[in-house]
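Between the sequences and the hints, there should be enough to build the whole structure, so can you do that?
If you use the working numbering, the sequence shown corresponds to residues 1 to 402, in order.
FYI, nobody ran anything at the bench for these hints, they're computed from the structure.
Among the hints, a few may not be true.
[What the hints assert, rightly or not] Under the rule of at most 20 Å between Cα atoms (straight-line distance), these lysine to aspartate or glutamate pairs were calculated in the EDC-like manner:
no., residue 1, residue 2
1, Lys366, Asp338
2, Lys284, Glu274
3, Lys43, Glu360
4, Lys398, Glu274
[Said to hold, decoys possible] Simulated restraints on C-beta separations:
no., residue 1, residue 2, range
5, Gly346, Ala39, 35 to 43 Å
6, Pro125, Asp91, 40 to 48 Å
7, Gly397, Ile16, 36 to 44 Å
8, Ser340, Pro125, 44 to 52 Å
For glycine and all other residues, C-beta sits at the position ideal for the given N, C-alpha and C.
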Amino acid sequence: MTTHPVFGSANISGIIFRNRLLRSATHESLADSSGAPTAAHEKLYTALAKGGAGAIITGYAGVQQDGRTNLPGMLMMHDDSLIPAYRKLTDAVHRQGTPIILQLAHCGRQTRQAVTGMRTVAPSPLKDSVFNEECPRELDEREIETIIRNFAAAAGRAVLAGFDGVQLHMAHGYLLAQFLSGYTNCRSDRWGGSTVNKFRIISEILHRIREEQGEFPVLAKINAYDRRRGGMRVDEAIDIARLLDISGCSAIEVSSGTVEEGLSIMRGPRFPAEALLACNFRFKALPQPFKNVMAPLLRLAMPLPKPLRNYNLEAAKAIKRAVSIPVIAVGGLHTMEDISAALGNGEVDCVSMSRPFIIEPNIVRKMQEGRQDASRCIKCNYCAIMIEEGPLRCWYGKLPAK
1 MTTHPVFGSA NISGIIFRNR LLRSATHESL ADSSGAPTAA HEKLYTALAK
51 GGAGAIITGY AGVQQDGRTN LPGMLMMHDD SLIPAYRKLT DAVHRQGTPI
101 ILQLAHCGRQ TRQAVTGMRT VAPSPLKDSV FNEECPRELD EREIETIIRN
151 FAAAAGRAVL AGFDGVQLHM AHGYLLAQFL SGYTNCRSDR WGGSTVNKFR
201 IISEILHRIR EEQGEFPVLA KINAYDRRRG GMRVDEAIDI ARLLDISGCS
251 AIEVSSGTVE EGLSIMRGPR FPAEALLACN FRFKALPQPF KNVMAPLLRL
301 AMPLPKPLRN YNLEAAKAIK RAVSIPVIAV GGLHTMEDIS AALGNGEVDC
351 VSMSRPFIIE PNIVRKMQEG RQDASRCIKC NYCAIMIEEG PLRCWYGKLP
401 AK
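Structure (structure tokens):
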């Protein structure tokens, strides 16, 4: 198995990936109160590196305070004082011979003022159906310029902290995705309307980073599609990918879905109702008898998107045909059979995974050594729900005993 093409190295803008199986960005809820990485991050990332990951993309790091997630322990990269802690982390990962990429994000309307202490903001003042405690405030020109400047400044800190590159989080309904989607961007100024206008904030961020950091690798994670009315569709995602290529992006990771869509981003065979009721900020204080009644109702009410495997692959292949830069596919690629097929004939350049690395940080090494040909993950998605209560871990479909 060691000679299998999956385990050959790959070069993306000078970053030498050890193999073509990458750890996709996953929020870990491990940062300290300032947003700095901790010893727990170092332990986790070292385990991923020793376990054979071709490269590690960190959990999302916020570029400014009002862009923090509602979840605990978010990484931040908004201040120079954070650089030494990140340098310690990147040094630890590099000692294992593994590249590490910092994902940069702003949550936009997908967060809570109760957590950030600041009014939520968005391209347009449209209420989110999940984070609906308030209507977000529409960003003005000055604020958009500040966000562009802060993304670029965060990338500069990543350079000083020893990261091999950064990734712009332009997917899953967060702020940059909100600008790109006609569902959340109803502006009629130069930041909305046409695809080029909706993309303008991205092009400005890329231009600023290139101006300040030269050829430092900047990757992007995009939505190929979602199920929102007026939202992202593959044809427009291809146009966005072309704009990324023209703007100097180093590689594109192709995902899909928004937080509003429930299990669209991380699909599974059964809605994790019990986990949601146990720890979500809306439900956890409800009486247990009421939760017992609600659980089956939630499962009936929440659609389960299909398929469960390879659900972004065809879109990733279409994007790959349209651009000259590498394309990474993520989403339900959990078996060697599917991974090998995805990478066959160069239809995509790399595959990234999230949940398989949660249950088995050494999943790549097991596959490479022929000890295992599929992840043990059962796609229960408790990991994505229970993180509201504490650090990332695999729950394997079981709530803690009361």
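Hint check results:
1. Lys366 / Asp338: Holds: Lys366 and Asp338 sit about 16 Å apart, inside 20 Å.
2. Lys284 / Glu274: Distance ~10 Å between Lys284 and Glu274 Cα, so the pair holds.
3. Lys43 / Glu360: holds, 14 Å
4. Lys398 / Glu274: holds, 9 Å
5. Gly346 / Ala39: 35 to 43 Å: holds, 40 Å
6. Pro125 / Asp91: 40 to 48 Å: At roughly 44 Å between Cβ atoms, Asp91 and Pro125 fall inside 40 to 48 Å, so the hint holds.
7. Gly397 / Ile16: 36 to 44 Å: 37 Å Cβ-Cβ, so the 36 to 44 Å window holds.
8. Ser340 / Pro125: 44 to 52 Å: holds, 47 Å
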